[in-house]
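> Chain order of the listed sequences is R and F. Heads up: the first sequence begins at 618 in this note's numbering, then just goes up one per residue. Heads up: the second sequence begins at 618 in this note's numbering, then just goes up one per residue.
Hints in this document: simulated from the structure, not taken from any laboratory. Worth double-checking, as some hints may not be accurate.
Any copy will do: because identical chains look the same in the list, a pair fits if it lies in one copy or spans two.
[As the list claims (entries may be wrong)] Quick list of in silico lysine-lysine cross-link-like pairs, DSSO-like style, CA-CA up to 30 Å:
#: 1; residue 1: 975; residue 2: 695
#: 2; residue 1: 963; residue 2: 818
#: 3; residue 1: 807; residue 2: 956
#: 4; residue 1: 742; residue 2: 701
#: 5; residue 1: 760; residue 2: 807
#: 6; residue 1: 807; residue 2: 1020
#: 7; residue 1: 717; residue 2: 780
#: 8; residue 1: 1021; residue 2: 701
#: 9; residue 1: 818; residue 2: 1118
#: 10; residue 1: 780; residue 2: 975
#: 11; residue 1: 780; residue 2: 1021
#: 12; residue 1: 1042; residue 2: 717
Number of protein chains: 2
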Amino acid sequence: MLSMRRAFLLLAAASATTAQTYQRLGTCPTLGCVIPPDQQDFLPGQQFDIRFEVHAPVNGSEANGGIPDEAFSVTIAKDGGQTKSIAEFFGITEEPAIEKWSFSWYEDLYAKDAGEASLVHVASKIYRRVALYEPGDYTVTLKYYSTETTTATWTVRPLAEHKRAKNVILFVGDGMTTNMITAARLLGHKTVNGKYQSLLKLDEFPVLGHQMTHSIDSFMTDSANSASALYSGHKSTVNAMGVYADSSPDLFDDPKVETIVELLRRIWGSAWGAVSTAFLADATPIALTAHTRSRGTYGPLIEQALNGVNNYSWPHTGGPDVYFGGGAENFLPGSGSYKGQDYFAKFAEKGYSISLNKTALEAAPDSERALGVFCKSNLPVWIDRNVFPENLNSYTNDPSGAKKAATDLPGLKEMTLKAIDVLHKRSGNEGFFLMSEAASIDKQMHVLDYQRALGDLLELDDTIRATFKKLEELGELDHTLIVVTADHGHGFDVFGNADTKYLSEQPTDREKRSAVGIYQNSGLSQYTVEQEGVSYNTGSNFPVNWDPRYAIAAGMGASPDRRENYQINRTGSRIPNTRGYVSAFDNTDGFVVNGTLPADETQGVHSLTDVPVYARGPCQETFGGTFNSIDVFFKIATCLGLGQSTNKTLTDSACSAK
Amino acid sequence: MLSMRRAFLLLAAASATTAQTYQRLGTCPTLGCVIPPDQQDFLPGQQFDIRFEVHAPVNGSEANGGIPDEAFSVTIAKDGGQTKSIAEFFGITEEPAIEKWSFSWYEDLYAKDAGEASLVHVASKIYRRVALYEPGDYTVTLKYYSTETTTATWTVRPLAEHKRAKNVILFVGDGMTTNMITAARLLGHKTVNGKYQSLLKLDEFPVLGHQMTHSIDSFMTDSANSASALYSGHKSTVNAMGVYADSSPDLFDDPKVETIVELLRRIWGSAWGAVSTAFLADATPIALTAHTRSRGTYGPLIEQALNGVNNYSWPHTGGPDVYFGGGAENFLPGSGSYKGQDYFAKFAEKGYSISLNKTALEAAPDSERALGVFCKSNLPVWIDRNVFPENLNSYTNDPSGAKKAATDLPGLKEMTLKAIDVLHKRSGNEGFFLMSEAASIDKQMHVLDYQRALGDLLELDDTIRATFKKLEELGELDHTLIVVTADHGHGFDVFGNADTKYLSEQPTDREKRSAVGIYQNSGLSQYTVEQEGVSYNTGSNFPVNWDPRYAIAAGMGASPDRRENYQINRTGSRIPNTRGYVSAFDNTDGFVVNGTLPADETQGVHSLTDVPVYARGPCQETFGGTFNSIDVFFKIATCLGLGQSTNKTLTDSACSAK
């Protein structure tokens, strides 16, 4: 307890310089770093790496002479157990070598403006691929600079050796908040006298929770490290996935943690898949297998998805059974792919069917592993595919690399239903894990195109509805835990209506604002009111009119400078701001609003807010109330019996040949 | 079914003119109005009035000659039962007289700008104080203008004749959203490496739900009609409480519905109380007993709270057992009180102890009915009472009417704990109902003073924590259903940090915005970091520093023009905007941001968003998932056994003498 208290005091003392705009290393307020740091949780048997760093700042407020202590010592003890060296405790026969590097950072905005960086020299060691099997608390101690100590207490969660759910489907509405779900309901469903005549499928989930999305070292998150929390039970740093970020220059040597699909394949040999409306190397789908602190290394991460981590010994899944999304640029041979290789060919060599359009997807055999890449970059959004399909022709995104538009496109629903067919067929009694992501809720909110974001949210809801039906047909509904959540939010909010005709016709910016009706003057949603000549045939759970005269008036807690008219952009996604200034072509009849973000920001940013978690199926009762993002992993992993007391590992061949 | 379909078609046809910025009568898209309208739900035995209106527009798009049909007929039939006249069905011996009036409205903003009002003549009848005891569907039919028909189908919910919870405490965080709860946690509780070292009491609730807050006739709500939904199971119109809004000129003759405390007192004779940090005549506390479509009629509503509705026969509670809050101006004899009468004297006559400060509150006997009014208007907020107490002297708010400041003030916690003592003492085996409102979460969000709003949210959480402890001490915890929810939201969002020192020192508005740190640059909360010389002694669940250099950067989805610097206002609540222009004295070192609301708005407005519902205690399992605001009433009323198959009414003397 003494050491815990000491660590706390050091943290408090140092945080004034290290815990804000810029940080030396977010998880290391002292000059000695244990990574994973204090208070991290592990599933029994979950594999991970341990890095120690000793920092020697050359200049700046922490300067200590600039010579890092290479003679640091590291020990570990289980509560009530013997203290042992790390190597002895984990039975590591060869003590790792000391590594050395340097990095620099700015202490605050003044230092940055002045170009005065603080230089830090580092000595480090890393112990790779270890695991703790016995539940309880473990204290790791780093001693350095003769008298300094940094401790970390880790908790191994209870054993969970038996499966309660055969299958798990995790839907991620990227950036999706309760505010957005409320707005989507308003657009897609009609009220009569205060009562909805139909509801979202989300509204029918029996259990609801909230999860906290913050990063390990900042209160805001991005989709990389929030995905890591959901998939591995370990929060990370912005841009990092499947690792704790260290300070080394190598983006691929950071200490790793094992993910849900690595565990599932290693322990049960189950099938797994990922579906996304983003490019497949994007954070949410790729974080299932990625181990890097740089989410932008797309090519190498597709290689990791197929073949596992290739620079260190590490559990690997043998590749997904299903991989559907966009992002052909990371598969086609060229600058976007790993070492310029042809990853369509590499997947095909491993027995994958390859689909480049919806027609091929539908025809792909359910019995084979399936790769489907339907365009370059992100899939066009639901509104452009269904309401303004002429916009599809404006892209040059054919997945074959041909300079043409991809037009034979599946949506999230088609991809997800096919994924379930393949996974069900291939998994047999072992069950499967599927992650299905509505990625453009986030991407469209970033560019303030909330109509397109809400279209994709309604598509997600429609997909969940269809998934229930599909699982019921397969006889799997009651064996499947379905979880729907988000990785973070955006500060989107609806606050009234706007008479878009009136707004457009007012002569000045201030007068245009009078078009907004608040409180009783918001009236009822006009998105559900039939209008002659307006029909998209998009089904009963979508608006019948996306461009009514009385539109929702909505905005963001934070945004760049932009122009508002509250109408949908009919020609494609909104581009509110270019190079820090209001786009000349955005909402030309609207009024200019200056933003609250740094003036050079062209997009909106993420929100602090807790996000909802919906659950249905085996273990649903564990998802009520409020919990940390990492607990989503622990709840799912526990339900899947992944907390093992021994190194339960199928042979490598069992994994990769499956 | 034919008549239902016809009603739907009429609705669809008419809504283009009547369902937006201005509406003829929100619940009546046709010219014949049944109020309560189609699709309303009732508790078995819940008393209500029924109004019929026939509209005759003189001009405008609906003009029909301007002579309302006085010979309309009205019938009712239970599913599978006989159709009877309203009078016969309810055993009303004297058919009500025809009433006549006129009103006018604007069809849209163009009509308003031009001053072209549409005039409507009305013929109407109202049937008062009826009830339906048998669960099932009832269809009410209004025939008018020879060939026209408007129908309404009402549903009587299942019987619930037995109490499952002895006591119910309903906490209302006015305007409180998940975004705000997340921000309050960040300010009041410390994280170490992504793990909170302590949590909100809200975070410990086992069951979480979301409720939809929309009005009956617009998708935005205010606190009056949202309170009505929570207390009566009937959504209403902005500014209306305990009634369905009709079109008549009289603000007190609208058709009423019975509220939770009227039901509880009539059926079980239980004790009840209301506590609020607002003035007691404000919407959330007063809606427990108020029946009017105009929330601003403060004096008459205090009279209703004490003596019941005085213009019609109606169930009344005999007055609250506990009534604690602000708003002395509606009790002191004068322009703010009903007929200029002294309501302190009137409450005292009925046996209430009267407390005008915290000292008196503490000394008040637990065995007597208790009125506590601690200031004029709203109570000063937690931050001004605890962090900047010198600000209290700037008010002239003494509840005695003396021209001085009220400084001996209780907070929500002190009022709530005393309320529980009194209610527990007085209720015996019958149990009690308490509503406790943190009102200034909303009031401070309106003026964009989110720091003060979050202070009051943390005070609410602290109050809930203390309530659990108090109930445990009394042996009542497991007999008490505790529900925490909001009546609506505001579009508040945290999106990063701001280096307030840097912001202040930058020379231009655009450069000041560079002070905002987003994503990894948000760092950790500095509100929980001890700083020398800064201590408020406000306890472990509050910030230790409300004015750190690195503050949260936060904003609203909608706001008036204002100036931002992200610092707390040390001298009192923020006044961002006066008369539609940025206040010259607000955040003088900040940068100007133009708003998105009508330019003459001086405050922020409510949000569409669903709000969280936390539940713990008997019946907690019924609060999971997503539901309508009216269902909060039905869940609580069902748990309290208020759905009765007969007119279970204690004698009037039993009520009022209690």
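> Against each hint, give a clear statement of whether it holds in the structure.
We went through each hint and held it up to the structure:
1. 975 to 695: neither (54 Å within a copy, 52 Å between copies)
2. 963 to 818: Answer is neither: 39 Å inside a copy and 53 Å across each miss the 30 Å cutoff.
3. 807 to 956: Result: close neither inside a copy nor across copies, 52 Å intra and 45 Å inter.
4. 742 to 701: Close inside one copy (17 Å), not across copies (87 Å); limit 30 Å.
5. 760 to 807: between (64 Å within a copy, 26 Å between copies)
6. 807 to 1020: neither (42 Å within a copy, 53 Å between copies)
7. 717 to 780: neither (44 Å within a copy, 70 Å between copies)
8. 1021 to 701: So residue 1021 and residue 701 fail the 30 Å test inside a copy (62 Å) and across (69 Å) alike.
9. 818 to 1118: neither (33 Å within a copy, 47 Å between copies)
10. 780 to 975: neither (35 Å within a copy, 57 Å between copies)
11. 780 to 1021: neither (47 Å within a copy, 68 Å between copies)
12. 1042 to 717: neither (50 Å within a copy, 71 Å between copies)
Going through the hint list in order, the structure does not satisfy hints 1, 2, 3, 6, 7, 8, 9, 10, 11 and 12.
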